[in-house]
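A.B. asks: What follows is the residue order along each chain.
Number of protein chains: 2
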Amino acid sequence: MAESPTLKRKREKKEGENGTAESRKEGTTATGFPLADLSVRKVLRESARDKTIFLHGQVNSASGDGTDAVVILEKTPFREENISELLKKHTKLQLQMSNDIYSTYHLYLPPELNEIKTTVVYPATEKHLQKYLRREVYLIQETGADYETITLPFIESQSFSIQWVYNILEKKAEADRIIYENPDPTDGFVLIPDLKWDRKQLDDLYLIAICHCRGIKSLRDLTAEHLPLLKNISKEGKEAIVKRFGVSGAQLRVYLHYQPSYYHLHVHFTALSYDAPGSSVERAHLLSDVIDNLELDSGYYRKRTLTFALRADEPLLKKFQEAGRV
Amino acid sequence: MAESPTLKRKREKKEGENGTAESRKEGTTATGFPLADLSVRKVLRESARDKTIFLHGQVNSASGDGTDAVVILEKTPFREENISELLKKHTKLQLQMSNDIYSTYHLYLPPELNEIKTTVVYPATEKHLQKYLRREVYLIQETGADYETITLPFIESQSFSIQWVYNILEKKAEADRIIYENPDPTDGFVLIPDLKWDRKQLDDLYLIAICHCRGIKSLRDLTAEHLPLLKNISKEGKEAIVKRFGVSGAQLRVYLHYQPSYYHLHVHFTALSYDAPGSSVERAHLLSDVIDNLELDSGYYRKRTLTFALRADEPLLKKFQEAGRV
Chain W
1 MAESPTLKRK REKKEGENGT AESRKEGTTA TGFPLADLSV RKVLRESARD
51 KTIFLHGQVN SASGDGTDAV VILEKTPFRE ENISELLKKH TKLQLQMSND
101 IYSTYHLYLP PELNEIKTTV VYPATEKHLQ KYLRREVYLI QETGADYETI
151 TLPFIESQSF SIQWVYNILE KKAEADRIIY ENPDPTDGFV LIPDLKWDRK
201 QLDDLYLIAI CHCRGIKSLR DLTAEHLPLL KNISKEGKEA IVKRFGVSGA
251 QLRVYLHYQP SYYHLHVHFT ALSYDAPGSS VERAHLLSDV IDNLELDSGY
301 YRKRTLTFAL RADEPLLKKF QEAGRV
Chain Z
1 MAESPTLKRK REKKEGENGT AESRKEGTTA TGFPLADLSV RKVLRESARD
51 KTIFLHGQVN SASGDGTDAV VILEKTPFRE ENISELLKKH TKLQLQMSND
101 IYSTYHLYLP PELNEIKTTV VYPATEKHLQ KYLRREVYLI QETGADYETI
151 TLPFIESQSF SIQWVYNILE KKAEADRIIY ENPDPTDGFV LIPDLKWDRK
201 QLDDLYLIAI CHCRGIKSLR DLTAEHLPLL KNISKEGKEA IVKRFGVSGA
251 QLRVYLHYQP SYYHLHVHFT ALSYDAPGSS VERAHLLSDV IDNLELDSGY
301 YRKRTLTFAL RADEPLLKKF QEAGRV
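Same order as they appear, the protein sequences are chains W and Z.
Heads up: the first sequence at position 107 corresponds to 107 in UniProt numbering, and the numbers run straight through without jumps.
Heads up: the second sequence at position 153 corresponds to 153 in UniProt numbering, and the numbers run straight through without jumps.
Isolated chain W (complex conformation) (with noise of 0.2 Å):
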């Protein structure tokens, strides 16, 4: 969905104000943005299972006059060198339920032992607002010939912008977070911590491997000439993971997911204890898989019909639909 000429400008404008706000240290006190004045609009998902909430709100300060926000708010995990302190300086536990030796309780803890992790979209577009909410999903299965007449001319009419990726391959911006770069401009790629860990703890450790190579939209895109690219991933990627957290790479799960959620190669590095979103069998390809399969058949994934989940409100589906493929 193409943004509105509003949104686009207000947007830039943001990104200018922004500038300071991009070279700030993590951990510094600055707010960056007006929560207290955020109206909620609507609730987008929740997990109970997550302890996560997507919200749709909307900024009613002087600066932000209704100018639309996805605010995502999630529990933190325990972290085990804090629990003797938080069990020591809890605030209050109130006896909820007994029975034998059982017994539940409300804790209540200070604010500063237990953190709620808080991702902002700002300002937010349509496109944002849907990619957030919940819908029915579908399975699809897309042959080599799907892909050629269907997916292939989808993604290309879209003009999604990858331009945070390319700010990430030209150090324009979380060039402090970088763990591990080879910088082959064919084989090469860069590590980094993704949004979603905020690396307290291993437990949900996870990393993305993005390639520098520019043009390798997804799996599909894969033949035997990456192999290279994929290897050095695989490798490269466990060895500086194992050195910077001593996490090893049979303790990692290490996938591709299709359809990705943007269209420039990349590799996902999960805890193999973590049970991490997109790791379920419908979105995720381990990369020993897929050089496996790469050097059984270059062309293993132009031709192969690969399977994937879509949720009712995304515009591919309506493509697949149309084609009388769902």
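Read the hints as simulated data drawn from the structure, not as lab findings.
Bear in mind that the values here come from a model prediction, so they are computed numbers and not experimental data.
Certain hints may be false.
Because identical chains share one entry, a pair is satisfied inside a single copy or across any pair of copies.
[What the hints assert, rightly or not] Calculated lysine-lysine pairs in the DSBU-like style (CA-CA distance at most 30 Å, straight line):
#, residue 1, residue 2
1, Lys89, Lys243
2, Lys88, Lys243
3, Lys196, Lys235
4, Lys131, Lys88
5, Lys235, Lys42
Please arrange chain Z on chain W, whose structure you already have, making use of the hints.
C.D. replies: For chain Z alone, kept in the frame of chain W given last:
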């Protein structure tokens, strides 16, 4: 593990003392458990995704004198009706990262808007501690040769009982639960709800197709000769589920596990919207992919390297370690 006489005596004593606690109503303000006096001995398990942590602690107060306890802390889901208050009353919003329209923050809330669910098992026995203890998991890359020399001999050396499977196939048990049957001894199967599904709601729909043919241990044994069986399971399984439960094939995830939890071929059908345990990429293989791969190459699953995770306490991991393959 049997309880030690000492622990058993302590437990009986404790149960007597807790008589008053048992009769308490929900929502009283009494604490009932000396949380601030708990020394953490070990983190038994934690989940970054679920925001839970399981602790083994000892109570060192005058009354507790080193008695073991299990304390489970779980962050609570957001409640829609609280959200506006929570945004207004936050105590601090600390910028962490900013890039383009995306930014992340640490948000701090008053304790009463951010409670922790706490479950206590006290006194806890060794059995409770073992029950909650998480083991490390390791990724195995099993080549075709590894299967022949390590996994297959291991499977054959174990006398895994699958009598309960034969009971279902022979209608000696659970006959009233069968949703559909194709009685062909070679290409037929029985479709039955999984025990994990209580059939009360469709959100976590979970059925299993169990093939009539005996001797197909897993994915590894499949060749092109099994294509008629696999296609029957795919087609007839989906038809039976839409007929009985109104859930269409496009809203089902249909897959095999490798390693499976029992070595008689079976296929899982789960609701696509349900984040089913065991549906992640390192364990699940989509039935549609399995069929495609066997049509491509009848020996695909005999030769192919298959990736799966094993917990540190699983005997098969030890076999891979002894063979120098981990």
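A.B. asks: Evaluate each hint against the coordinates.
C.D. replies: Hints and how they fare:
{"no.": "1", "hint": "Lys89 x Lys243", "in the structure": "neither (35 Å within a copy, 42 Å between copies)"}
{"no.": "2", "hint": "Lys88 x Lys243", "in the structure": "neither (34 Å within a copy, 42 Å between copies)"}
{"no.": "3", "hint": "Lys196 x Lys235", "in the structure": "within (23 Å within a copy, 38 Å between copies)"}
{"no.": "4", "hint": "Lys131 x Lys88", "in the structure": "between (42 Å within a copy, 26 Å between copies)"}
{"no.": "5", "hint": "Lys235 x Lys42", "in the structure": "neither (44 Å within a copy, 34 Å between copies)"}
Going through the hint list in order, the structure does not satisfy hints 1, 2 and 5.
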